[in-house]
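J.: Please construct the entire structure, taking both the sequences and the accompanying hints into account.
Positions in the sequence shown are counted from 1; adding 2 to them yields the working numbering.
If you're looking for bench data, these hints aren't it; they were derived computationally from the structure. Be a bit skeptical, because a hint or two may be false.
[To be verified] With a straight-line Cα cutoff of 16 Å, these simulated EDC-like cross-link-like pairs (lysine to aspartate or glutamate) come out:
1. Lys207 / Asp223
2. Lys117 / Glu180
3. Lys311 / Asp253
4. Lys366 / Asp223
5. Lys308 / Glu356
6. Lys311 / Asp289
7. Lys325 / Asp253
8. Lys100 / Asp120
9. Lys325 / Glu314
[Said to hold, decoys possible] Per label pair, the in silico range of CB-to-CB distance:
10. Ser71 / Lys366: 29 to 39 Å
11. Ser294 / Ser72: 28 to 38 Å
12. Tyr113 / Glu201: 34 to 44 Å
13. Glu93 / Lys366: 54 to 64 Å
14. Gly165 / Gly227: 38 to 48 Å
15. Tyr39 / Ser296: 26 to 36 Å
16. Val212 / Asp151: 13 to 23 Å
C-beta atoms are modelled at their ideal positions from N, C-alpha and C, and glycine is treated no differently.
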Amino acid sequence: MNLKTKLCRILCLFLSVILLIGALASCASTSEVPEGYQYATCAGEYFRLFVPTQWTVNTESGISSAYISSTVNAAVSMVEVSFVHDAEKEETPLEQFKTSHMAELETHKGYQAEKLFDSTLSGHRAVDMTYVMTVAGRPSKDSPSGESDRRFRQVLSYVSEQGRYYLFTFSAPKDEFERWLDIVDEILENITFESFPFEGSDDRKIPTSVDVPEGMKLVSDNEVGYRFFAPESWIRDTRNGQNFVYVSEEDRSNVSMFSYDIGEDATYTVDTYWETCKEQYENTLGDFVLVSESEITLKNGDNGEKTAKVYEYTYTLGGVSYKARQMVVLVGMIYTMTYTALPEQYDLHISEVEAMEQALYFRKLGD
Numbered sequence: 003m004n005l006k007t008k009l010c011r012i013l014c015l016f017l018s019v020i021l022l023i024g025a026l027a028s029c030a031s032t033s034e035v036p037e038g039y040q041y042a043t044c045a046g047e048y049f050r051l052f053v054p055t056q057w058t059v060n061t062e063s064g065i066s067s068a069y070i071s072s073t074v075n076a077a078v079s080m081v082e083v084s085f086v087h088d089a090e091k092e093e094t095p096l097e098q099f100k101t102s103h104m105a106e107l108e109t110h111k112g113y114q115a116e117k118l119f120d121s122t123l124s125g126h127r128a129v130d131m132t133y134v135m136t137v138a139g140r141p142s143k144d145s146p147s148g149e150s151d152r153r154f155r156q157v158l159s160y161v162s163e164q165g166r167y168y169l170f171t172f173s174a175p176k177d178e179f180e181r182w183l184d185i186v187d188e189i190l191e192n193i194t195f196e197s198f199p200f201e202g203s204d205d206r207k208i209p210t211s212v213d214v215p216e217g218m219k220l221v222s223d224n225e226v227g228y229r230f231f232a233p234e235s236w237i238r239d240t241r242n243g244q245n246f247v248y249v250s251e252e253d254r255s256n257v258s259m260f261s262y263d264i265g266e267d268a269t270y271t272v273d274t275y276w277e278t279c280k281e282q283y284e285n286t287l288g289d290f291v292l293v294s295e296s297e298i299t300l301k302n303g304d305n306g307e308k309t310a311k312v313y314e315y316t317y318t319l320g321g322v323s324y325k326a327r328q329m330v331v332l333v334g335m336i337y338t339m340t341y342t343a344l345p346e347q348y349d350l351h352i353s354e355v356e357a358m359e360q361a362l363y364f365r366k367l368g369d
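T.: Printed below as a string of structure tokens:
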């Protein structure tokens with residue numbers, strides 16, 4: 003898989019959702035898996051997304067998603083969207099959701115609406131839309147700007163019994179889109195909504211022999227090249243093993259940790275990564291504003307200090323405003339630690355987030 007393909011896949015996921023604030027699993031659940039299909043559902047979700055067994059499931063990002071293969075840059079995802087409808091308006095909740103979503107899409111670069119019609123999803127009213135949009139990527143010989151046109155099919159739904167809004171997305175290169183629509187139709191037909199959350203799995207073994215900073219707990223396992231610590235009181239999300247923690251059931255302010263393999267590109271920098279992300283955020287998030295940019299020094303345990311960059315920004319998603327702090331550092335790979343919160347809750351936890359950044363360290367052989 004080349005670097006551009008991996009980056010496009012990551013950015014494609016961002017087109018669906020940035021903040022994940024769905025409830026965690028509270029009881030076991032089993033759904034009948036259609037023949038020839040597999041789960042592509044994160045724990046805690048009140049829907050079930052299935053994809054063909056030949057596809058590669060990618061739930062480690064915290065998004066219920068899958069892609070066709072390492073050589074086919076096409077993927078599906080499904081998320082619950084945080085949206086609050088206005089009960090005083092005549093429009094139905096689904097109509098308000100559609101209006102809000104389309105208003106955001108119209109601000110994105112190269113957006114061209116193609117199809118829009120009423121539909122159903124697992125027996126619930128839905129809106130099915132297809133459009134083309136320009137997305138950012140890494141510059142290449144074929145695309146010096148790194149931009150490319152992708153075609154999207156999205157299905158918006160509102161499950162009144164749950165009071166939850168959902169967004170299904172299929173994305174592929176513009177010229178390859180039609181090739182996969184029959185399979186996408188099957189995937190949509192197999193989606194179900196449940197009254198209980200998906201249990202998922204969390205098979206990670208958290209090491210017990212690691213020195214943990216006072217008042218913190220270890221979140222990451224030995225499968226990643228870092229030690230990620232969080233306050234003891236924070237809750238570790240069990241969405242298929244991702245490194246994601248949040249404050250409490252009442253306060254969904256959260257911190258996530260991800261890594262990105264840059265391959266053998268010696269010219270790749272933190273600035274390269276951020277410029278690509280920034281362009282994508284500007285194209286896909288409502289009211290994106292970069293508030294500040296700064297450098298910090300990470301203690302990195304006993305393994306030598308590392309210089310990182312911190313970007314603070316605000317945006318809207320589904321009519322809700324958020325503020326984020328994204329720390330990016332290059333240590334052989336790109337690592338990001340992202341704090342996301344409602345604006346009014348952001349300052350409440352900033353000192354804890356800064357402590358998490360300083361507790362983070364990158365492992366050496368044998369650590």
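J.: Does each hint hold? Answer for all of them.
T.: Evaluation of the provided hints:
1. Lys207 / Asp223: holds, 6 Å
2. Lys117 / Glu180: OK: lysine 117 and glutamate 180 at ~13 Å, within 16 Å.
3. Lys311 / Asp253: Violated, at about 26 Å.
4. Lys366 / Asp223: Distance ~14 Å between lysine 366 and aspartate 223 Cα, so the pair holds.
5. Lys308 / Glu356: Measuring from Cα to Cα gives roughly 15 Å; hence the hint holds.
6. Lys311 / Asp289: violated, 22 Å
7. Lys325 / Asp253: holds, 14 Å
8. Lys100 / Asp120: Roughly 11 Å between the alpha carbons, so the hint for lysine 100 and aspartate 120 holds.
9. Lys325 / Glu314: Within the cut-off at roughly 7 Å; holds.
10. Ser71 / Lys366: 29 to 39 Å: Check passed, 34 Å falls within 29 to 39 Å.
11. Ser294 / Ser72: 28 to 38 Å: holds, 37 Å
12. Tyr113 / Glu201: 34 to 44 Å: Once the Cβ atoms are compared, 38 Å apart, the range 34 to 44 Å for glutamate 201 and tyrosine 113 holds.
13. Glu93 / Lys366: 54 to 64 Å: holds, 57 Å
14. Gly165 / Gly227: 38 to 48 Å: Holds - the Cβ-Cβ distance for glycine 165 and glycine 227, about 41 Å, lies within 38 to 48 Å.
15. Tyr39 / Ser296: 26 to 36 Å: violated, 46 Å
16. Val212 / Asp151: 13 to 23 Å: The hint (13 to 23 Å, Cβ to Cβ) is violated, given that valine 212 and aspartate 151 are roughly 46 Å apart.
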